[in-house]
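This is what each chain is made of:
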Amino acid sequence: MADTKRIKQSIYFWIFRAMSMMVVFILVAILYFIVSRGIGVINWDFLTKSPEEGMVKGGIFPAIVGTLVLIAGSLIFAFPVGVFSAIYLNEYMKKGKVKSFLQLMTNNLAGVPSVVFGLFGMALFVNKLKFGDSIIAGSLTLGLLVLPVIIRTTEEALKAVDDNYRLASYAMGASKLYTIKKVILPIALPDIITGLILSIGRVSGETAPILFTVAAYFLPKLPHSIFDQVMALPYHLYVLATSGTNIEKARPVAFGTALVLVMIVLFTNIIANVVRAYYNKKYKK
Amino acid sequence: MAQIETKDLNFYYGQAQALRNINIAMEKNSVTAFIGPSGCGKSTLLRLFNRMNDLIDGSRIEGSVMIDGADIYARNVNVEDLRKKVGMVFQKPNPFPKSIFENVAYGLRVNGISSRSEIEGIVEASLQSAALWSEVKDKLNKSALQLSGGQQQRLCIARALAVAPSILLMDEPASALDPISTSKIEELIFELKKQYTIVIVTHSMQQAARVSDRTAFFYMGVMVEFDDTTTIFTNPKEERTLNYVTGRFG
Numbered sequence: 001m002a003d004t005k006r007i008k009q010s011i012y013f014w015i016f017r018a019m020s021m022m023v024v025f026i027l028v029a030i031l032y033f034i035v036s037r038g039i040g041v042i043n044w045d046f047l048t049k050s051p052e053e054g055m056v057k058g059g060i061f062p063a064i065v066g067t068l069v070l071i072a073g074s075l076i077f078a079f080p081v082g083v084f085s086a087i088y089l090n091e092y093m094k095k096g097k098v099k100s101f102l103q104l105m106t107n108n109l110a111g112v113p114s115v116v117f118g119l120f121g122m123a124l125f126v127n128k129l130k131f132g133d134s135i136i137a138g139s140l141t142l143g144l145l146v147l148p149v150i151i152r153t154t155e156e157a158l159k160a161v162d163d164n165y166r167l168a169s170y171a172m173g174a175s176k177l178y179t180i181k182k183v184i185l186p187i188a189l190p191d192i193i194t195g196l197i198l199s200i201g202r203v204s205g206e207t208a209p210i211l212f213t214v215a216a217y218f219l220p221k222l223p224h225s226i227f228d229q230v231m232a233l234p235y236h237l238y239v240l241a242t243s244g245t246n247i248e249k250a251r252p253v254a255f256g257t258a259l260v261l262v263m264i265v266l267f268t269n270i271i272a273n274v275v276r277a278y279y280n281k282k283y284k285k
Numbered sequence: 001m002a003q004i005e006t007k008d009l010n011f012y013y014g015q016a017q018a019l020r021n022i023n024i025a026m027e028k029n030s031v032t033a034f035i036g037p038s039g040c041g042k043s044t045l046l047r048l049f050n051r052m053n054d055l056i057d058g059s060r061i062e063g064s065v066m067i068d069g070a071d072i073y074a075r076n077v078n079v080e081d082l083r084k085k086v087g088m089v090f091q092k093p094n095p096f097p098k099s100i101f102e103n104v105a106y107g108l109r110v111n112g113i114s115s116r117s118e119i120e121g122i123v124e125a126s127l128q129s130a131a132l133w134s135e136v137k138d139k140l141n142k143s144a145l146q147l148s149g150g151q152q153q154r155l156c157i158a159r160a161l162a163v164a165p166s167i168l169l170m171d172e173p174a175s176a177l178d179p180i181s182t183s184k185i186e187e188l189i190f191e192l193k194k195q196y197t198i199v200i201v202t203h204s205m206q207q208a209a210r211v212s213d214r215t216a217f218f219y220m221g222v223m224v225e226f227d228d229t230t231t232i233f234t235n236p237k238e239e240r241t242l243n244y245v246t247g248r249f250g
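Protein sequences, first through last, are from chains H and C.
The numbers in the numbering used here rise by one with no breaks, and the one at position 267 of the first sequence is 267.
The numbers in the numbering used here rise by one with no breaks, and the one at position 178 of the second sequence is 178.
In isolation and in its complexed conformation, chain H is listed as follows (with noise of 0.2 Å):
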């Protein structure tokens, strides 16, 4: 009896800890397909120039700047909006109806499909508010489509915040608002940062959201204005892949994009840990 309970314990362990060594296979595996293929094409000219001859020799410059530009463009709009309503949501809103359908409607807006989202963009921004293609356009639509997630794991953060720390606050005649910039905020901030994390690798990898609304098929000089189009890696990848007049010679350009992609997404990732990293040990060490 104790041999086959302690052999079902040991199964199961067994169980879970494959489980999430397989997390890190798939990551490594996914990065080792894409590094092996892509590195070979990496160089100065690579990242620092345009593309030439059908997009087959050449750099991705604009592709990169405007990939960047996007995700500066998209968090401008979505960071405070997100994080005001979710303060607004977690700090003033009384538990009811009310604060229930608020955070129904925020999560059926996380599960809107992403091309969705492009429709919707081209026809407020590029069309109706007539962006036309634009850095505005998609920044604004990519906004969008990240909103919820900032508004849920701000909401998240700021629960997560002892509610000893609010009233001790109030009891030493603090505000609310007082309250919230000098206590709360800084407490969360650290999770508040995960969203931001999640946020930029959601807008810098979509492709649907800025197919109708920013991305240029070939554009190989930087944009001016917010109201010029760019290229986007994630697009100038779907467009290499699919669509290109020698898609078999663009094929190590379309993998060196992929690589780039995905370094910038692991960069700003760390460089956001860094920054979460800080803010909790400032004072809980």
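This list has only true hints and no planted wrong ones.
Here are the computed lysine-lysine pairs in the DSBU-like style, where the Cα-Cα straight-line distance is at most 35 Å:
1) K182/H x K92/C
2) K176/H x K137/C
3) K49/H x K221/H
4) K181/H x K184/C
5) K28/C x K193/C
6) K193/C x K181/H
7) K181/H x K137/C
8) K176/H x K99/H
9) K97/H x K181/H
10) K176/H x K281/H
11) K281/H x K182/H
12) K281/H x K92/C
13) K237/C x K28/C
14) K184/C x K182/H
15) K137/C x K182/H
16) K193/C x K176/H
17) K137/C x K28/C
18) K7/C x K92/C
19) K95/H x K85/C
20) K193/C x K137/C
21) K142/C x K176/H
22) K7/C x K94/H
Quick caveat, the hints were computed from the structure, so don't treat them as lab data.
Fit chain C to the known structure of chain H by using the hints.
Just chain C now, with coordinates in the frame of chain H:
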């Protein structure tokens, strides 16, 4: 004149009545202990003195609470000013995850004091008053969370003292602490009553007997008896009080 006084005070959480017809008066620079079994309303009453119960949805108050002769539930009362005058220390030590210095300076910054030298002076004085200065003076910039539980609680007391309240409310301030830390807090209460009016909620009968001048015994939302601490513990008028302080129930 009493510094804190309630008149025909009733308090409700939604439909449930938590306090029934409380009439109590506490003198300046005295220590009053609230005792009674869990759920008797003693903490609820304490939190009415700095209006912390305002934060609870659906709570309702009848009657009045007077502090220094003014009704603190009157319409024109600024709750934030009230809380600067009526400090509070909580059951669980709750220093902010900031430095020791910033914890004590918090209330000063809330009040808009920005002069560095003024803040430093008050921080030191408050830590002195809370009998913590000698232990932390060399590590003011370290995180408050590195301190022991007892030190954290004294830090919370220092934090409350920094804004110069005249009343200090303590909600079971030593219940999460070890005996040595507890006795330090009790010695501190003894010192503090020279300058402050203290109201302390406690589950420990010995603590009430040791630190307080007057003791109020609560049972099911009613204040059963309120008298000198010695009387409550040696010669109470009510049988329920006698049964409680002798440990027969509660």
